[in-house]
Amino acid sequence: MRLTRAILAPGRAVRILACSLLVALGPAPLLSQTGVTGRVTDQGTNRPIAAARVSLRGTEHVAITDSSGRYRIVGVETGTWIIEVRRIGYRPLAFPDVVVRQNRFSVIDLSLEPAPFELATVEAAPALFPEPSLVAGSLVGFSAEEIKRAPGAAGDVSRILQGLPSVAKVNDQSNALAVRGGSPLENLFLVDGIEIPNINHFPTQGSSGGPIGLLHVDLIREVDFSAGGFGAEAGDRLSSVLNIRFREGNREAFDAQLDLNFIGFGGIAEGPLGRSGSWIVAGRRSYLDLAIKAFDLGTTAIPQYGDYQGKVVVDLNRNHRLGLLAVLADDRFETDLANAIENEAFTFGRQDLLQGTTGLTWTAAFGPRVNAVTSAAWSTSRFDEEYYEAGGANGLIFRNRSRERALRLRHATNVDLGSGILSIGGDASRASSRYDNRYDVPNPLGTSPTTLDVRTTLRSTRAGAFATLAPRTSQTVSLLLGTRVDYHSATGNTTLSPRGSLSIRLSPRTVATASGGVYYQTLPTVLLAQAESHLALPDPRAVHAVLGLSHQLAEDLRFTLEGYHKRYDRLPVDPDQPGLLPVDALYHGFGFLAAHKELIPSGRGTTTGLEALLQKRMSHRFYGQIGGSYARTFYRAGDGIRRPRVFDNRAVLTAEGGWKVGRSWDLSARWLYAGGAPYTPVDAAASAAAGRTVLDGSRINVARLPAYHALSVRADRRFAIGGTTLNTFLSVWNAYNRENIAQVYWNPATGRVDSVKQWTLLPVFGIEWEL
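Letter 415 of the sequence shown, counting from 1, is numbered 418 in the working numbering, and no numbers are missing.
Since the hints were made in silico from the structure, they are not lab data.
Note that the structure is a prediction, hence the values are computed from the model and not measured.
The beta carbon of each residue, even a glycine, is placed where N, CA and C say it ideally should be.
Any given hint could turn out to be false.
To be verified - Label pairs and their computed distance ranges (CB to CB):
(1) Leu509 / His568: 45 to 55 Å
(2) Pro684 / Leu564: 33 to 43 Å
(3) Gly495 / His414: 19 to 29 Å
Please put together the full structure from these sequences, using the hints given.
Okay, structure coming up:
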């Protein structure tokens with residue numbers, strides 16, 4: 004893509020970062036007792052649970068939650084623990100991998116699932132894995148510690164998910180998620196229930212990928228990822244939902260942390276807000292540009308970026324609380340022709356990007372059976388880009404001066420009917436997108452490019468409503484039924500999306516599941532704005548069907564097997580390029596959305612696959628997972644020919660795990676294999692005549708790249724320094740230096756077909772000083 008040779012990348016966020024660091028470096032941290040604190044809530048209604056028994060396994064440390072669901076355990080020895088929670092009427096829970104550090108309170112919020120007919124007792128055995136009864140389809144979760152120490156990810160949530168068998172391998176230089184054959188534009192990102200358009204630096208407009216994540220790993224509490232069959236509460240996406248929950252700040256004392264790692268340098272500060280709340284802020288900036296300038300190394304082609312995140316929580320009383328969330332990123336990059344040729348890049352130019360989301364959430368409990376969550380968020384993205392072709396005439400191929408803004412509202416009310424959980428709610432948005440764009444992107448198939456100037460403002464209103472019902476049927480059968488309806492004013496489209504899931508307990512250790520539904524997604528606004536006729540297009544549709552089997556081999560070991568089928572229709576197709584799908588165009592050419600003067604909704608596609616995953620949770624010193632999948636994904640565009648889609652890796656195999664060596668060392672590794680992705684061979688004669696890459700339009704996606712595989716290893720070491728802790732890690736990506744191929748192209752410098760290599764052996768380091 005445009006930033007394939009840039010790994011790191013700031014602007015206005017630096018001022019905000021400076022303020023955060025002043026807080027972190029200012030007052031000395033208050034020494035507090037070492038322990039664990041948090042809140043216990045009902046998984047179905049989100050209301051606080053009082054009188055729950057919270058304990059640390061293997062110790063006498065016990066606490067009972069108060070009327071607000073809060074608990075506090077003090078005097079805990081540093082190390083890694085398992086928290087157990089019990090309450091009559093709920094399934095007992097065991098939460099592993101809780102790391103307690105000296106002079107700090109670890110904030111661990113927990114949720115319990117109601118047991119059918121109140122058959123659970125405090126003596127029942129707790130589960131290290133969540134029950135599937137209130138979960139709709141294909142869900143995988145990661146704790147904060149699992150995210151933090153994952154090898155080959157550097158704390159980037161999206162790169163962690165690339166180790167799952169449901170995610171295709173796209174490119175080392177991009178963390179884009181291609182889930183079960185779908186395009187990266189089909190993924191929904193939520194942080195504390197608030198939609199974030201893109202969670203990456205240097206975002207791809209209209210899609211969801213980027214070279215590096217912008218969310219600070221130490222703010223993340225946990226992550227849930229649904230690869231299909233998700234419930235009716237999520238709309239306007241075809242493939243997946245990534246639900247990220249930030250942790251609260253420390254309510255016990257002021258804490259601070261300084262960071263220096265592969266991603267950049269920055270810090271975190273957090274502390275109590277009076278007696279009824281907390282705050283936490285994090286800031287970060289890339290540093291390579293500063294180092295190069297300080298040592299006068301002479302190059303300016305270094306990506307720069309900065310980001311800022313913060314969260315404030317205030318308890319108005321035991322039943323009502325407010326949460327404020329802010330996420331901001333500012334990115335800049337500039338390169339010239341000489342640098343593009345040196346790095347085998349297809350284009351050169353500049354980027355100045357700004358994105359941010361601020362949201363307010365009100366959580367309210369109305370009695371013991373009703374809970375409501377309401378949020379309002381403001382998102383804005385500004386793109387200022389100009390790119391030129393590195394080969395050929397070196398003319399302007401893309402100019403993007405656009406601004407996209409949206410006000411989003413979301414509400415959900417959960418009601419415990421006694422016989423089940425009823426959830427009703429809706430979401431609405433008012434968006435305004437202004438474009439001053441020029442498209443002259445070379446056609447990858449060699450025909451004349453579609454030159455297009457877009458100067459327009461597109462305003463739209465979107466509204467959706469949903470309802471789900473999870474009846475408490477029996478101990479062995481769980482059901483979740485739902486539907487949603489959506490309306491988009493710009494296109495005039497109204498869609499109805501029924502969905503549901505079913506789980507049947509075949510034995511105390513084995514559960515069979517089924518889920519599915521109908522899913523719609525509006526085309527990206529930047530694509531709709533290219534022509535008035537595009538507004539008459541129907542929303543692309545996907546139908547999911549998922550069958551699964553889960554078997555608990557041991558308390559900390561679970562095996563899951565899932566088969567799925569996903570069918571697409573009404574995908575847009577350009578009559579001038581009848582063999583391609585415009586929604587996949589980012590992976591056919593230069594990494595830009597091309598111009599389309601006319602689109603017709605005749606594209607179709609299918610994905611069918613089988614996935615297996617063996618997970619071991621941290622209960623002693625070992626943890627890990629082994630996953631594999633075999634899937635085929637095909638499409639038919641305007642010419643009706645059945646072709647493999649660009650994300651058709653066929654076979655994927657992953658193995659990941661770690662070992663805690665004593666209290667201070669963690670060793671981990673991840674190996675990933677993916678079958679070679681389809682690609683269109685280069686037409687050497689046409690490329691030589693044009694002076695740039697021209698693909699063979701008669702052989703679209705008939706060739707395959709060599710299989711991808713790579714090993715990443717990581718070592719973490721903690722040091723106690725006085726009353727502080729120094730955390731360090733060293734990771735090596737692609738440890739045996741496999742030469743993986745990202746793309747095949749025509750190299751104008753050599754006059755022959757060449758290939759773009761993915762990352763070779765790459766050392767990655769990190770230092771965190773907890774003050």
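Original post:
Any of the earlier hints contradicted here, and which numbers?
Top reply: 1
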